[in-house]
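Asks: Given next are the chains, with one letter for each unit.
Number of protein chains: 2
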Amino acid sequence: MTTFGKTLRNRVKRLPERAAYDRETIYRILDEALICHVGIAVENQPFVIPMIHARRQDSLLMHGATSSRLLRHIQAGNPICVTTTILDGLVVARGVFHNSMNYRSVVLFGVGHILSDPQSKNEALFTLTERVMPGRWDDSRLPTRKELRATTIIELPIESATAKMRMGGPKDDAEDYAGDWWAGVIPIQQSYLPPQPDPKLGREMEAPPYLKNYKR
Amino acid sequence: MTTFGKTLRNRVKRLPERAAYDRETIYRILDEALICHVGIAVENQPFVIPMIHARRQDSLLMHGATSSRLLRHIQAGNPICVTTTILDGLVVARGVFHNSMNYRSVVLFGVGHILSDPQSKNEALFTLTERVMPGRWDDSRLPTRKELRATTIIELPIESATAKMRMGGPKDDAEDYAGDWWAGVIPIQQSYLPPQPDPKLGREMEAPPYLKNYKR
Chain A
0 MTTFGKTLRN RVKRLPERAA YDRETIYRIL DEALICHVGI AVENQPFVIP
50 MIHARRQDSL LMHGATSSRL LRHIQAGNPI CVTTTILDGL VVARGVFHNS
100 MNYRSVVLFG VGHILSDPQS KNEALFTLTE RVMPGRWDDS RLPTRKELRA
150 TTIIELPIES ATAKMRMGGP KDDAEDYAGD WWAGVIPIQQ SYLPPQPDPK
200 LGREMEAPPY LKNYKR
Chain B
0 MTTFGKTLRN RVKRLPERAA YDRETIYRIL DEALICHVGI AVENQPFVIP
50 MIHARRQDSL LMHGATSSRL LRHIQAGNPI CVTTTILDGL VVARGVFHNS
100 MNYRSVVLFG VGHILSDPQS KNEALFTLTE RVMPGRWDDS RLPTRKELRA
150 TTIIELPIES ATAKMRMGGP KDDAEDYAGD WWAGVIPIQQ SYLPPQPDPK
200 LGREMEAPPY LKNYKR
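Just so you know, the sequences run in chain order A and B.
Each residue of the first sequence is one higher than the one before, starting from 0 at the first, in numbering that gives the first Met the number 0.
Each residue of the second sequence is one higher than the one before, starting from 0 at the first, in numbering that gives the first Met the number 0.
Since the hints were made in silico from the structure, they are not lab data.
It is possible that part of the hints are untrue.
As a list, the in silico DSS-like pairs of lysine-lysine whose alpha-carbon atoms are at most 27 Å apart [to be verified]:
#1 A:LYS199 - B:LYS170
#2 B:LYS145 - B:LYS199
#3 A:LYS170 - B:LYS170
Isolated chain A (complex conformation):
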């Protein structure tokens, strides 16, 4: 199945021309973004929590400060919503009303579960580590049994998802193009600066190649 079905839950009603439902588009955004925002509903109160995520096939693995509230919520089989947004630019229009941002976002839905056995947690940590820093796993001290016990990882099979994007320049009213206002886009990029060594390194060491020119 290469696209997610449109349902009441994931269908974009506002500016539907910006929406995409195909896995390729959705997964590309998920894979580029470093963090996501996880929403839960406890009775009528929503909570939104930032977490690190990694996609593994059609599931999302998530890792972060896991409150007991979030754990209970997931263990009880409640649905969650995960949203991630990459900002690509400030869109400067002639008319204030048409100012906008270029972005790529994904909203996805599913019922998560907590990984419990050490082997699954170890595999998930491998996926998360390699997704954030490819090459790092084999150049690290690997997790111990005790650390795996202390690790909480949420696995979320992706039931339903939507991407929403805006790209390109401003779209102004026809009569405003004759005006003397500058218009255009200020591109936004996430940049990764040169690695800063831990002052506690035992000897002078160059950062490994897989970290030196880090980009996504």
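Position chain B against the provided structure of chain A, taking the given hints into account.
Replies: Chain B alone, transformed into the frame defined by chain A:
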């Protein structure tokens, strides 16, 4: 009141040493971040929506693709949760278990309302525009009555809030410092590239100074 009270809703239980409840810290993060993630709960189903925000004193103004679901939710007086996260770095530890990210996030709670009169909407658009691009309002075609009618803005008096942050280098296990693994931080920055003019500009124009060296 310079700090938000700790309640069951906003108290950080996991890694409480990373939490802050003072307005100065919380507002500084809110003011730097360009977008936020708004969480609502419709029956048991959470939804998380990216929006542009601007703080005005102790309230948050939010603007974005406003679905009828979000509108109904807010108009019915339901609580919302708004979270924003700024990523500052990848923390590369010797032990996989200690890998982390440096970040500054804010989670806040309140009951929002939709601005209805044109004057309030115009003032909110002013605040949003000037917050994102200081100097732009006076160099734009200002909103018409019709545009103000088509604008949806949420105002959220901030009832309760928490900041959560991590900064600095990796914290490894004592025995791992003797190992031969590189460790440190890859700093992350949001960068703003030189403004790209709209190809539809009527004449060659330099970008105005307030956009040329855009930063936050």
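Asks: Decide, hint by hint, whether the structure agrees.
Replies: Quick rundown of the hints versus the structure:
1. A:LYS199 - B:LYS170: holds, 10 Å
2. B:LYS145 - B:LYS199: Holds, at about 24 Å.
3. A:LYS170 - B:LYS170: violated, 49 Å
Going down the numbered hints, you'll see the structure goes against just number 3.
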